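Trainee: So the sequence lines, in the order shown, correspond to chains A and B. Using UniProt numbering, read the first sequence as starting at 1 and increasing by one per residue. Using UniProt numbering, read the second sequence as starting at 1 and increasing by one per residue.
No lab work stands behind these hints: they were computed from the structure. Hints are not guaranteed to be accurate.
Pairs count within a copy or across copies, as identical chains cannot be separated in the list.
Quick list of in silico lysine-lysine cross-link-like pairs, BS3-like style, CA-CA up to 25 Å [to be verified]:
1) Lys-128 <-> Lys-68
2) Lys-125 <-> Lys-242
3) Lys-30 <-> Lys-128
4) Lys-68 <-> Lys-30
5) Lys-17 <-> Lys-247
6) Lys-17 <-> Lys-128
7) Lys-15 <-> Lys-128
8) Lys-68 <-> Lys-247
9) Lys-228 <-> Lys-68
10) Lys-242 <-> Lys-116
11) Lys-15 <-> Lys-97
12) Lys-116 <-> Lys-97
13) Lys-97 <-> Lys-17
14) Lys-76 <-> Lys-235
15) Lys-76 <-> Lys-128
16) Lys-125 <-> Lys-15
Since the model is a prediction, treat every value here as computed from it, not as a measurement.
So the chains spell out like this:
2 protein chains.
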Amino acid sequence: MKGIQIQGVEKSFSKRKILQELDFTFEAHKIYGLLGRNGAGKSTLLNIITDRIFATSGQVIVDGEVAKNNDAALSKIYLSSEMNAYPASIRLEKIFKMTELFYGDFDYTLANNLAKQFDLDLQQKFGKLSTGYRNIFKFIVALGVPAEYIFLDEPTLGLDANHRDLLYQSLSTSYIERPRTFVIATHLIGEVASLLERVVVIDQGQVIINGDLEDVLEQSYLISGPEKEVSEYTKNLNVIGKERLGKISSYYVYGKLDDECFLPDVVTIEHLDLQQLFIHLTNPRKEQ
Amino acid sequence: MKGIQIQGVEKSFSKRKILQELDFTFEAHKIYGLLGRNGAGKSTLLNIITDRIFATSGQVIVDGEVAKNNDAALSKIYLSSEMNAYPASIRLEKIFKMTELFYGDFDYTLANNLAKQFDLDLQQKFGKLSTGYRNIFKFIVALGVPAEYIFLDEPTLGLDANHRDLLYQSLSTSYIERPRTFVIATHLIGEVASLLERVVVIDQGQVIINGDLEDVLEQSYLISGPEKEVSEYTKNLNVIGKERLGKISSYYVYGKLDDECFLPDVVTIEHLDLQQLFIHLTNPRKEQ
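Using the sequences and the hints given, assemble the complete structure.
Mentor: As structure tokens, this is what we get:
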């Protein structure tokens, strides 16, 4: 079976549970958004999947094989993160070659082409790059490796809007030319949303959403109107947040609406975008 | 006259011109977006305005007075940026008091309230904060000072979507309660846009846009259709970018449309959002 299965994965540091029994699958040939607040456990999960740190319990299965200590399985996975630091004195071109030694056939044509588009001189040494260009370079390496599962942890850190736009376009083009799995962990939810097919939301070490982006957005609602009518209409719904502006109350809802329930004229229903949904799902509940 | 006037400001490092004769005004009681690519000169400009570095020529006038070496004028300006580093061992509460010594009346009520909302413990030492919380703390300090002109250089660096949302809301609320000038330099153009009244775009050391956001967006167009019709319709317009997808050409235009020109049915016109406009205005022109 193709895909990466996370089976009962838990992780504790000291006595704190960082990840609590995660069970889900990254399916093959999809673009995923992996979303979570700072400290939610995203990076820990990525490091467990790529065998950089051990899970306290549970296991990761890659295309049917246990990944732990399994070089063949692990070579199918590539993680690009803050932790990929290369020696400062090495030229970028050389790093492509080093990467090929570990991961096999490197796509030099794609990498050279991307370097040109991003205006990145490959004769430079890694240590000379700005934060933005370091991340651009790591992204180019990630697209060049032949791995089937590419994890990108905050790939747009330090990039200006133009370079972020080019990065999203390049990822999309490369995915169409060679379908594989991308998992993008990012805080810039609004602008990455249009790239994603599936979305996994981690909150306090648990997966609280795992679904097709379209289905997820389909059941995300902003319901507004006078407090009395809105609270009546939403009384059996999954309300994830509330706001009030003057006489208008806005309730954020995730889940199915109640078709039986009468909708008064003064109440309006809109859909949320992914970033709004995420914020309301993961905000700590306050007493209303 | 209220406001900050930038008069003929130039800056060179070695022989490279970073800023080329800037002439414009930050008006009082407005929220500005200061937008530019990495390396465009934004931070250099902010450092000149706050007298942290010298201009090669030109001057900065604050409410009618030359700012250089003028403590009274400079105390009206507050810049929050990467450069505000506090000693690691100082508690956050203490930093409020230190700030008050320099800038006068500090708004402790607002600052304590914001700290609570952001879940930031003010008994902590500065050195213990994560990147995100460092920037949250600096933002709280910036809102607490009584200065009339607040410059925020990338205030959302390291913040997750929830905290960015809360930051934008807090800024907006504080601005309504005590109108003053905010200048926000940021790469997250899409999500900051709804806060802004005015926008200044710097490209390669020059101001290429300075206007009301509404007016700027009003003259930003995406014109799409078959290549022949689109290129004919736009031939006298200010085309800032072109894209092609299959048989459809999309031209990005900034400026007035030609009312005399016949618009064929097959050509559609939409408005751009600020981030799209920015990207196309500041992308290096390629041969088409």
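Trainee: Take the hints in turn and mark each one as holding or not.
Mentor: To see whether the hints hold, each was checked on the structure:
1. With identical chains, the CA atoms of Lys-128 and Lys-68 are never at most 25 Å apart, being 35 Å at best within one copy and 34 Å at best between copies.
2. Taking CA atoms no more than 25 Å apart as the test, Lys-125 paired with Lys-242 passes in neither setting, with 51 Å inside one copy and 34 Å between copies.
3. In this homomeric assembly, Lys-30 and Lys-128 never come within 25 Å of each other (Cα to Cα): the closest approach is 35 Å inside a single copy and 39 Å across copies.
4. Taking identical chains as interchangeable, the C-alpha atoms of Lys-68 and Lys-30 lie at most 25 Å apart only when both belong to the same chain, with a minimum of 23 Å there against 57 Å between chains.
5. Taking the closest pair of Cα atoms, Lys-17 and Lys-247 never come within 25 Å of each other, the shortest separation being 42 Å inside a single copy and 54 Å across copies.
6. Taking identical chains as interchangeable, the C-alpha atoms of Lys-17 and Lys-128 lie at most 25 Å apart only when they sit on different chains, with a minimum of 21 Å there against 39 Å within one chain.
7. Taking the shortest Cα distances, Lys-15 and Lys-128 sit within 25 Å of each other only across copies (21 Å), while inside one copy they are farther apart (41 Å).
8. Proximity of Lys-68 to Lys-247 under the C-alpha cut-off of 25 Å is found in neither arrangement, the shortest distances being 57 Å within a copy and 49 Å between copies.
9. Taking the shortest Cα distances, Lys-228 and Lys-68 never come within 25 Å of each other, neither inside one copy (55 Å) nor across copies (58 Å).
10. Taking the shortest alpha-carbon separations for Lys-242 and Lys-116, only the inter-copy value of 19 Å comes in at or below 25 Å, while the best intra-copy value is 48 Å.
11. Taking the shortest Cα distances, Lys-15 and Lys-97 never come within 25 Å of each other, neither inside one copy (42 Å) nor across copies (37 Å).
12. In this assembly of identical chains, the alpha carbons of Lys-116 and Lys-97 lie at most 25 Å apart only when taken from the same copy (18 Å versus 50 Å across copies).
13. For a Cα distance limit of 25 Å, the shortest separation of Lys-97 from Lys-17 qualifies neither inside one copy, at 39 Å, nor across copies, at 37 Å.
14. Taking identical chains as interchangeable, the C-alpha atoms of Lys-76 and Lys-235 are never at most 25 Å apart, the minima being 48 Å within one chain and 51 Å between chains.
15. Within a single copy, Lys-76 and Lys-128 get their C-alpha atoms no closer than 30 Å, and across copies no closer than 38 Å, so neither meets the 25 Å cut-off.
16. In the homo-oligomer, the alpha carbons of Lys-125 and Lys-15 lie at most 25 Å apart only across protomers (24 Å), although the nearest pairing inside one protomer, at 42 Å, exceeds that limit.
Consistency note: the structure conflicts with the earlier hints numbered 1, 2, 3, 5, 8, 9, 11, 13, 14, 15.
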